[in-house]
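J.: Could you build all of it, start to finish, from the sequences and the hints given here?
Chains A and B, in that order, are what the protein sequence lines are. Numbering that gives the first Met the number 0 applies: residue 0 is where the first sequence begins, and numbers increase by one. Numbering that gives the first Met the number 0 applies: residue 0 is where the second sequence begins, and numbers increase by one.
Here are the simulated SDA-like cross-link-like pairs (lysine to any residue), alpha carbons at most 20 Å apart as the crow flies:
id, chain 1, residue 1, chain 2, residue 2
1, A, Lys16, B, Pro379
2, B, Lys410, A, Ser61
3, A, Lys119, A, Gln9
Quick look at which bits of chain A chain B covers, simulated, 3 or more residues with Cβ under 8 Å:
id, region
4, 2 to 14
5, 50 to 64
In case anyone wonders, no lab produced these hints; they're calculated from the structure. Here the structure is a predicted model, which is why all the values come from computation and not from measurement. Backbone N, C-alpha and C define an ideal beta-carbon position, used for all residues, glycine too.
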Amino acid sequence: MTDPRELYQQVILEHNKKPRNFGKLDPCTHHAEGHNPLCGDQLELSLVIENGVVADIKFQGSGCAIDVASASLMTGIVKGKAVAEAEAMIEQFRGMVRGELDPATQAPLLGRLTLFSGVKDLPSRVKCAILPWATLHAALKGEEEASTE
Amino acid sequence: MSATLQPLDVTAIRRDFPLLSRVLNGKPVVYLDSAVSGQMPLCAIERMAKYERDEHTNVHRGVSTLSQQATDSYEAAREKVRRFLGAASVREIVWTRGTTEAINLVAQTFGRGVVQAGDEILVSAMEHHANIVPWQMLTQEKGATLKVIPITDDGELILESLDELITERTKLLAVTHVSNVLGTVNPIKEIIARAHAKGVPVLVDGAQAVPHLKVDVQDLDADFYAFSGHKLSGPTGIGALYGKLAHLEAMPPWHGGGNMIRSVTWEKTTYMAAPGKFEAGTPPIAAAIGLGAALDYLTNLGLDRIAAQEHDLLVYATERLERIPGLHILGKARDKASVISFVVEGIHPHDMGSLLDGEGVVIRAGHHCAQPLMARYNVPATTRASFAYFNTREDIDVLVSAVEKAIELFK
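T.: In structure tokens:
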């Protein structure tokens with residue numbers, strides 16, 4: 000079992016304190032709300048997608064450090080990427096935090112976001128890390144709501 | 000607390016709880032989560048094992064010596080619950096799976112009988128979902144209204160509001176004895192007296208009260224009193240509903256099946272008298288017997304000595320936690336059980352929970368099945384430490400330093 004302190008690295012703590020891309024895009028082309036019924040984390044994503052590319056993305060909401068840092072780093076990494084690539088990232092991130100994919104070899108799109116791989120050792124927190132990604136998935140599919148349940 | 004009480008020998012008591020000497024995540028377990036579930040003493044664990052090993056069969060079945068012995072042990076446990084709650088008759092004790100099932104039983108039998116469209120049920124702002132949702136379901140079904148007794152910022156019921164809130168349409172007042180989040184001990188006897196003065200019966204959610212204070216349902220004059228075994232050093236899956244016999248006799252049965260009938264023909268079924276008519280199917284026999292053993296254990300320690308030990312821990316923990324900058328305790332009632340909910344500026348309770356877990360400190364982080372209360376305080380969740388008679392001041396020192404360590408990390 001990992002010491003949870005290993006997960007709370009400087010990058011996560013810093014993004015929690017100063018989240019990037021925080022706010023709401025108005026107008027936007029895609030939008031979804033996510034919530035984690037178990038712990039009450041809530042997240043709202045708004046995106047502008049132009050020519051199959053995520054031109055802009057913002058999030059707002061409240062949650063734990065894992066959730067907020069995950070949203071902050073996610074919005075940073077998908078901005079400017081093709082929708083198809085963002086979808087592939089969602090799959091890699093989900094697989095990684097569930098312990099199904101090896102972050103060193105099987106998550107090439109995630110870059111430094113592999114620092115979330117330690118979440119797999121804290122099963123109760125996996126849903127916190129996934130929430131922004133599940134919400135992104137819903138938004139890209141045109142669904143208004145995502146839930147980690 | 001009386002100064003003449005002989006304090007508990009906590010060192011000896013701790014040997015009765017094998018889990019307390021476990022190591023989790025490389026750290027000795029500090030169990031501060033008794034409000035989630037109380038630890039079971041070895042004597043209760045062994046009594047359950049003995050039943051399963053040497054005595055296992057069904058109860059109320061036929062003429063075998065084995066079944067009679069099981070029935071005797073099972074009914075002896077019911078008598079222990081009667082004594083523990085101070086009920087007048089063993090017929091007033093209905094076995095349930097826990098507090099939640101007990102409240103649902105009352106909602107679906109008593110409640111359905113008395114609540115009509117336009118009527119009102121009164122609960123309080125500090126209820127657990129178990130004492131909200133069954134009433135919401137009932138009032139929605141009947142076209143009735145659920146009203147809420149407000150609380151102060153310190154977490155005390157605003158009793159002055161009762162005069163206005165109890166109307167001629169009020170059919171039941173359902174209120175918790177002790178808040179699972181705030182620790183508030185409500186003045187239940189006074190509340191019941193005021194409700195009765197207006198002819199309103201009262202159900203008390205006693206889940207968090209019975210582990211901490213001596214309850215006497217006759218002295219309180221409660222109409223219904225519900226509790227769970229596992230909060231009371233007993234096993235999960237067992238609890239009880241106390242109901243005044245006159246109520247239980249007037250109420251229809253709830254679940255149908257074996258055990259609860261007197262006779263069945265295709266034309267008509269007649270039911271057992273209370274409590275039998277509420278106990279369809281095979282009950283959790285080992286759990287009931289185990290709860291009986293746990294009650295013996297607590298009675299033997301002495302509820303007043305347990306209360307004194309827990310009060311000392313509450314005072315000590317409150318004083319130490321309050322000194323931590325940025326930490327705020329929710330619930331500052333004058334009369335409190337040994338439960339402390341807190342939030343720390345800039346740290347979400349779930350992060351705090353994970354970091355404390357990493358230090359071996361078992362606490363609860365979340366909404367505590369009290370989302371309306373979380374909304375009342377405008378927090379998504381809290382971190383909650385709850386203390387039992389086997390905890391020590393050293394346990395609290397570990398908690399405090401783990402909290403300080405988490406704050407340091409988040410700086």
